[in-house]
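Novice: If you read the sequence shown in this note's numbering, its first letter stands for residue 1, the second for the next number, and so on.
Since the hints were derived computationally from the structure, they do not count as laboratory data.
Beta carbons are placed, not taken as given, at the ideal position from N, Cα and C, and that holds for glycine.
Hints are not guaranteed to be accurate.
[Stated by the list, open to error] Restraint ranges, calculated between C-beta atoms of paired labels, are given here:
1) 375 with 15: 47 to 57 Å
2) 371 with 223: 32 to 42 Å
3) 15 with 217: 30 to 40 Å
4) 73 with 386: 40 to 50 Å
5) 75 with 139: 35 to 45 Å
6) 292 with 431: 24 to 34 Å
7) 223 with 442: 42 to 52 Å
8) 282 with 13: 21 to 31 Å
9) 373 with 310: 56 to 66 Å
10) 310 with 120: 43 to 53 Å
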Amino acid sequence: MTDQNARPRSFSASVPLKGRIAIPGDKSISHRSLMLSALAVGESRVSGLLEGHDVLATAAAMRAMGATIERRPDGEWRIHGVGVGGLLQPQGALDMGNSGTSTRLLMGLVASHPITATFIGDASLSGRPMGRVIDPLAQMGADITSSPGGRLPLMVRGLAPAIPLAYRLPVASAQVKSAVLLAGLNTPGITEVIEPVPTRDHSERMLRGFGADLTVETDTDGTRHIRIVGEAELKPQTIVVPGDPSSAAFFIVAALLVPGSDVTITNVGLNPTRAGLIDVLRHMGGDIELIDPREVGGEPVADLRVRHSALTGVDVDPAVAPSMIDEFPILFVAAALAKGRTTTTGLDELRVKESDRIAVMATGLKAIGARVTETEDGLIIDGTGGDPLTGGATIAGHLDHRICMSFAVAGLVSAAPVSIDDIAPVATSFPNFEALLAGLQQ
């Protein structure tokens with residue numbers, strides 16, 4: 001059965017990409033800025049917010065729990081918060097759409113408030129397991145009833161006061177870490193997350209910025225101990241959201257692969273827990289120049305100038321996976337055109353994203369002429385050495401925005417057009433992706 005709202009689209013071999021672009025705001029920071037502003041007392045102001053479907057789902061949920069959130073005509077968002085402990089009982093189910101981040105972080109917020117919230121989502125999100133968040137939140141006293149397999153729809157009955165805990169993350173997950181820390185905001189005493197493998201640290205940076213008593217200690221082996229003292233009082237902030245490095249990734253790789261390209265991407269967030277892709281692409285021979293490195297709102301930022309480069313395959317160190325977990329689909333495309341072999345391992349997390357990104361990328365890349373071997377926890381890719389892929393296939397995007405954009409870029413360097421069955425999911429994270437691409441092809 002075909003989706004009546006599906007928007008098929010083909011992408012063809014491209015002229016050199018030239019020009020300057022500004023990408024949408026960072027999705028991770030956008031989610032957290034809305035949530036923490038909604039828990040502060042007073043008015044926060046946020047500019048540069050990513051206005052994709054996922055972030056708008058977070059805004060709608062925080063409104064449903066009592067915050068006043070409005071977007072001004074100039075694009076600035078103003079949020080009047082309810083205070084930590086002040087979340088109100090939502091009147092209906094919270095529809096998270098396709099957003100796993102919204103779901104897991106909001107489950108944490110609700111877990112330590114005396115309210116009950118039901119979370120629902122689209123077909124893709126409803127297939128994603130939430131057990132890794134359910135476990136620690138249940139230990140803090142929340143009563144969580146889920147669909148089979150720990151999936152949506154699920155209901156969270158919060159407990160106030162919740163029970164503080166020291167929780168060691170069994171897998172590297174910024175979302176689980178953030179859910180526990182957000183639950184700790186309204187939990188008396190000290191809530192601790194023990195993180196053996198560092199993951200993106202936007203929650204820690206932003207919680208501190210809003211005035212939470214949060215400390216981080218790092219053991220000699222690199223294990224991080226993140227402690228937050230509840231019950232916190234958050235102070236309203238003015239936030240400028242940097243450009244999303246995960247969105248920039250598609251244009252970085254496109255500029256590296258399309259001959260003759262020279263593209264500058266402005267105001268890209270370069271948090272070290274997120275910048276793994278740039279390091280890997282430079283290691284492959286990518287010409288990526290950082291211009292005017294600076295700090296905005298506690299986050300490192302720079303403009304990136306990217307020029308067409310001959311790439312060479314590499315063995316990607318699995319230790320960098322947490323710092324680029326969302327960028328592997330587009331890295332696989334870069335590897336498909338590199339000279340020699342690229343090997344990736346330790347990517348089990350990719351199998352439980354919006355789609356099984358290992359299997360979906362392997363299938364799609366093979367269909368357009370790439371030489372790919374799928375393993376249990378990664379891909380082995382033998383590149384073309386810069387020659388175009390054959391293309392000429394229709395790719396199933398599996399309602400996964402990053403899969404769709406990755407194959408859009410692949411189409412730019414294929415001999416025959418690459419078609420995607422439905423490009424509509426791109427709006428969840430990057431509503432103006434196609435318009436920016438068209439602008440660089442002028």
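Novice: Please go over all the hints and tell whether each is borne out by the structure.
Specialist: Here is how each hint holds up against the structure:
no., hint, in the structure
1, 375 with 15: 47 to 57 Å, "violated, 36 Å"
2, 371 with 223: 32 to 42 Å, "holds, 39 Å"
3, 15 with 217: 30 to 40 Å, "violated, 52 Å"
4, 73 with 386: 40 to 50 Å, "holds, 47 Å"
5, 75 with 139: 35 to 45 Å, "holds, 41 Å"
6, 292 with 431: 24 to 34 Å, "holds, 26 Å"
7, 223 with 442: 42 to 52 Å, "holds, 50 Å"
8, 282 with 13: 21 to 31 Å, "holds, 26 Å"
9, 373 with 310: 56 to 66 Å, "violated, 23 Å"
10, 310 with 120: 43 to 53 Å, "holds, 48 Å"
The structure does not agree with the numbered hints 1, 3, 9 stated previously, though it agrees with the rest.
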